[in-house]
Structure formats: structure tokens, C-alpha cells
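Undergrad: Fit chain B to the known structure of chain A by using the hints.
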Amino acid sequence: MNHRGSFGRRDTTPFSVVMVKVRRLGQRVLVATGAVAVLGSCATNAPQDTWQPKGPNAKMIDDLQQPVFAVAGIIGIIVSVVITYAMWRYRDRGQPIPEQTHGKPALEITLTVIPALILAVVGVFTFRVIFDLARTDDTELVINVTGQQWWWEYDYPVQNEWGITQPIISSGQLVMPAGTKVLLRETSRDVIHSYWIPALNGKRDAVPGRIHTLRLEADEPGIYAGQCTEFCGLSHANMRMEAVALSKEDFAKWIANQQAAYRAPAEGTLAKEGESVFLNQCVRCHQVDGLKRPDGTLAIAAPDENVWSGAAPNLTKLMTRNTFAGAMFDLLRDACRDDVWKAKSAEFGAKYLAGVDETCLNVNDLRAWLRNAPEVKPMYANPALLADTNGKYRGMPNLGLSESDIDKLVAYLLTLK
Amino acid sequence: MFKVGSKLFLGLTGFSTLTLVAYLVFVERLALGGVALSMVLAALVGLSAVIIMINDGDSEVQPRDAALVRASMWPLVTVAGFVLLVLGLVVAKVYFIFGIVVVLAALTEWLVQAWSESASDDAAHNESARRRLLHPIEFPVIATLGLGVVIFAFSRIMLAISKSAGAVAFIVLASLVLLVGAIFALRPALKTTLVSGICVVGAVGIVAGGIAGQGVGLRADLVEALEEGHYTHRECGEEKSKYFDKKAMKTLSLRTNPIAVVELRDGVLSAVMTGFNDPQKSVSVPRGNAVTFIFRNFDTAERRMVASLGTAMAVDTNTEGDKEGHSDTNETCTQLIPQGAEQALTIVYSKPSIAQEAPLTLTVPGVEGQAIEVVVP
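From first to last, the protein sequence lines are chains A and B. Number 362 in the working numbering belongs to position 362 of the first sequence; there are no gaps in the numbering. Number 152 in the working numbering belongs to position 152 of the second sequence; there are no gaps in the numbering.
Hints should not be assumed to be uniformly reliable.
Stated by the list, open to error - Derived pair list, reagent style DSBU-like, types lysine-lysine, alpha-carbon separation capped at 35 Å: (1) A:K181 with B:K351; (2) B:K3 with A:K203; (3) A:K342 with A:K181; (4) A:K253 with A:K181; (5) A:K248 with B:K281.
Hint data in this document are derived by calculation from the structure and do not stem from the laboratory. Since this is a predicted model, take the numbers as computed values, not measurements.
Just chain A, same shape as in the assembly (with noise of 0.2 Å):
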């Protein structure tokens, strides 16, 4: 007796028919995510490869996650060979519907064993890797970390054994001794952010009002990428960030110059025309330690007037970092860029080190950043559209800034080494 009923007749109705165009749309994308996801497994340049780790804490999730992936990897294709054999071999072929039966303690039982037997396994070497990556008492150095839209800043608190005799802020990159266990203190000034090198371990989200922990310990001096991995709003794609490992010697010299004291552009320059449209323009935000007003008062920057989360990147030593607008641009051109990155350990740390000159130099997206900054990275600038920050910007607005004295500032920011 056949029970098929009104299921085995074509359905013509217009439902059924929006449905199957539905069912092919999605085998469609199906298949091209699967090629992309196949050609993108084939990239040679992939500075974000979590399989690659590079300091001990990324190598303990490794070390998991690449047994686990060959257990699962093995489960899903022994399921997917089953279940495909299953619809092939019983596929609809007009026979009638077989005996319905209904339980079979014993193979339940077995189905529902082995798999919690395998998760009780995955979950011991979880637990384990989970509170060793969770350790803080073993910390060498501390660093603390604020997110905000969209951009990292870095400040290294005080701590005489590093020679940090007074607070050092940065941003863009984050600047670390190798072979160091560094926690980060991590927090958020306006949404939530997370914070992921993979090279050097997972992620850990920044909280406004929390205060979370991050190990970073990289075995070799070298740059790590790394993005943040939480939607922050507009310009989240372009949030990242790169963590430097100098070696300890060379990381103590990046720290004594992070605390020389401020050098003013010598008189007469185009460097100190710049400086004076620094003070006019950009100090209302950006601060530069030591920078002093013609009258002599320190400039003190109000960021917290005028920007929605309330910070704005400080950019004392500017030169010293490799990138700007929250590490979206590079401050170096390509060949002197390739320079530093593909730079052998042992050189690493002087090519570093040199920071960034006239010659080496990315002045065309560093122009065109000072020229309409919202143009090139998408933020929330519009003076028109503020009502809703009290008139704050998300992210740096358009200063409408002459060519000249675009001139101007690019010598001068080249001075803050």
C-alpha cells in the first residue's frame, strides 16, 4: 500500500515554487562560500593565521585545537558519509513506507555515551589550557589597553623594573620586550571591543567599565597583526593593531626614548609652522607631551570635549610607530615597510627601531588623512549628524586643513621621533 498521500504529488502551488528557488539561491551560496573559504586557505600572505602560532600561550591553543579539529574533523566526515549513504540508499523511489519502529535503548545509550566520553575528553585539555592561559601571578610586565572607536591606545604604567620611570602612551602598535610574559589590562571607553593577535593568543573583549586580562608572550622579536574582533560600529573592519616584539635590550632602548623629554622644531623651519598649526588645529584633540603654547603653558589637549569616547591617539613620538588612524595606514611606503617586516630577528629590532623618516615616509596617505580623514576611513564625522554625541565626533572630522599647511604639519609630525 503506498501512503505517500499529497506529498507525492508535484506541487505546483506559488509557495512551492518561490521554495525551490529559494533551495537553489541557497545551494548557490553554498557553493561559492565554499570556494571562496577553499581559495582563501590557499593565501600565501596571511599575517592573522591562527595555525601559526608565535609565543607559548597561541602554541597551547594549538596544541588543543589541532587535536580536536582531527577528532571532529573525523567525526563530521564519518556522520556526512552516513547520512549521505542514507539518502542515496533510501531515497524516494515510490516504495512504500517501511515499519516505523520506535526506540533501541541499547544504541541510544551507546550514541549518547561515546560522544559525552569524547567531550568529557575535549573538556579536560579545555579546562586545563582555559586556566593556564588565565594566569596572571607569573607576569614580567603590564600594559595597560583601552578600545575605543577606532583605535587601541596603549599605556605602560610604571614600573622601575622595565626603566618605565613615567607613564608611556602610544597607540596604533603595541610595543613589547620577546620572550616576556606581558599581561594586558584591558578595557573600552565607549562599546565593547575585543582584542586578538593570533600569532601570540586568543581574544579577549574590552569592556567599558571592566578591567580584563590578556596574556601576550612572543618567542621572537618580529611584528604580529591582529584585528579587533567584536562589531564596534562603522569602521570596525579597520580597527587593528600590531603587536612589535623587540628584544629586551632593544625594547629598553625603545623605552628610554619614549620618555625623552619633548624636542620643538628649530626656528625658522617649516617643521615649526607646522608645530603652531599643531596648536591651533589638532591639539584640541591630540596631545603631544611636553608641547608648549607660545606663552609658554603646556598644551593640554581636551579630547574629551570634543570626541564621543572621549581620547583621541597621543601622538608623542609619532615616528617612532609604523602606522597611523588606529593602524589602518601604514606610516612607512611599501619597500620600506616589506624592509622592517621581513626583517631577520637579529635586525629586526634596529630597522624598528629607526622609526619613520622623510625617505621612508608614506606621505601620500598621510596627506590625504590630514586633508578629510573621514574620507579615506569611514567614521561618524559629520558635523550635520551630531545630535545624537552632543556635537562629539566618532573618529577624526575633516579640519579643512590648506594644502600649505598640510605642508606644514607633515614636517612637523616627522619631528616627533
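TA: Structure of chain B alone, referenced to chain A:
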């Protein structure tokens, strides 16, 4: 083309459209309620389209037997909901939202009852169909509302009676609940009517007590504490209030993630921070960001922590009416807390340390020579 089901969903869609328009026009634009009503409308449009497309699933309407139709209170409740809804447009948003809830709930009940009455010629079967559909919704909702009323009434009682009487009342009530629960568990053969009666009497007693408590109002010390709120005097020295600042909370739910835990122990003030193995004398704080300190007092005396926030310019008017500018010291503080207690203090430092005339500090009045420096880079 339009059968009963299609008409029903089209009617609901129309009603949702009107509700959304009314909400957007009279209540608030771009509010969560508007989004929710938009979602309801979108869902109803989709369902209407589907039900028209499938031709009501070829359903055939049963001729309704007048004898099977029971009296229904739902038209009345629906009208009451509409009255609330219209009232809400004039008086307050809360009535409007409550009106929508009542109208939607009453319409659902009404529709399901009407549907069930035409399901078959057997009135018992029809009622059973209605129960199967609605009881899984009705029981949890009614239970939640009932519990809410009881809890709210109990809170009114506790706020009206004195602290010591409150403790006794709580113990007595909890013991009664335990005792009655134990009897119910040990005597499963008890009549349902008896069990229900006891529960109803208990609930009615608490609600009556709550009404009485609401009538009496808050006990005197709570009223006085509200009137002498911390920010009416703002001093960070000797406490002047009689109630507000006394017996502060001894524990915090905010145990994790402060920027630092400031401890006063053996006359020494120190900051304990995750990542630093030793207590610190300075804390680095991000500028322009809300940060939370926890103050723990291990001293035998009651202590408070005071945070200096730098100076700010202020303008005074002297006796001759002239305005004079002067520099004011800003500070904020925790409440006085006894030995072993702790309190949180959340602060935003807008300006960097270099903009301050004197270092930003955390201190404890009465403990000399001890301070934690707050560094704002």
C-alpha cells in the same frame, strides 16, 4: 479569494498598521516599542501573504451551531484594552503599552475560543481543543503575574515594618512556607480544594498585608535616609547624616574587574591590581573613561576613601553682587564603612595628570602620610 483565515490575518495586519502609526505619531519615534510593533507588522504581513498563497490550506468553514457558542468575556476585555490604549495616548506611555498587551491577549483568547467553538459538534471536545492550545500560555503567564503581585505585596510589608520586625516576619513566613510545603509533600492524598484553599488564603493574606503596608508607607528611617541623600551634603570628612551613610553594604557584587582594590591595612594604604604581584602606590588610569575602585577597610575604625579630582574654576557672587573667580578643589568619596567592609567608587578622570596643579590621589581621612597616586597619562 479571501476565506476566513485570510480575512483574519488581513484584519490583524490592518490593526497592527494602525497601532504602529498611532505609536509613532503619538508616543515616540524610533523607540524600542516602534521597532517591536514594526516587527509584529512585518511578521503579520508575511503570515498573511503565506496564508493567501496557500489558499487558507483549503480549509472549509464548519457551519456554526449556535448551541455550541458560549458566552465570552473577551469582547469586553478587548474593549477595555482599547480604552486603555486610547487613554495611554493622552495620559502616559505605560497605559498605551499596557493597552496593546491587553488588546492582543484578549484578541488571542477571543479568536481561539471562536475557532474552538466551530471545531466540531462536541462541546467537550471543542473546550478540550481550546485548553490544549491556550493552557500552556495561560498558566505560566497567570502564575508569573500572581507571583509578581505576591512578591510586590511582600516587599511593601517589609518596607513598612521595622528592621527587627521584618527579620521576624521573614523567618515566620519562610517557616510557614516550609511547614506547609512539607505537609503537602507528606500527604499527597490531601484534597486539591484544601491545598488550593490554603494557597489562596496565604496569597490573599500577603496581598492584604501589602495593601496595608502601602497605606502605612515607608518606615521613618528610610524616609529620612532618602531625604538626607549623600549628594545633599557631599562632604568627605566627618559624616553628618543620621541614617544614609550608616551601615553601608559590607559586600559587593562587583568583585571582579575593578581597576584597583585599595586596601587600608595596619595603617598602610595600598593598591592591589591584577598583574602586579606586589601592592602598588600608584595606579595608572585611562583618561576620559569610567573606572571603578574598590575600597576595603581592614582598620578597626570606620573609614572612607576620598579621591581628589584636581581643581576646577568656580564663580562666586560676593555681598556687593560682583562675581569673583576662584579655584575649587574637587573630590568625591565612598561612604564610611566599618572594619571588613568594602565599597566601590566609580570615577571619570577627564584631564591628564600633567594638567593638574597637584597630584591626583586616593586618601583616607584620619590616616596620615598614606596616599595612592592616580596617574592619568
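Undergrad: Next step is simple, just say for each hint if it's right about the structure.
TA: For each hint, the structure was consulted:
1. A hinted pair counts as satisfied when its Cα atoms are at most 35 Å apart, and A:K181 with B:K351 qualifies at roughly 31 Å.
2. Restraint check: the Cα-Cα separation between B:K3 and A:K203 comes to about 56 Å, which exceeds 35 Å; the hinted pair is violated.
3. With a C-alpha separation of about 24 Å, the suggested pairing of A:K342 with A:K181 holds against the 35 Å cut-off.
4. With a CA separation close to 19 Å, the supplied pair A:K253 and A:K181 stays within the 35 Å bound.
5. A C-alpha spacing of about 26 Å is found between A:K248 and B:K281, which places the hinted pair at or below 35 Å, so the restraint holds.
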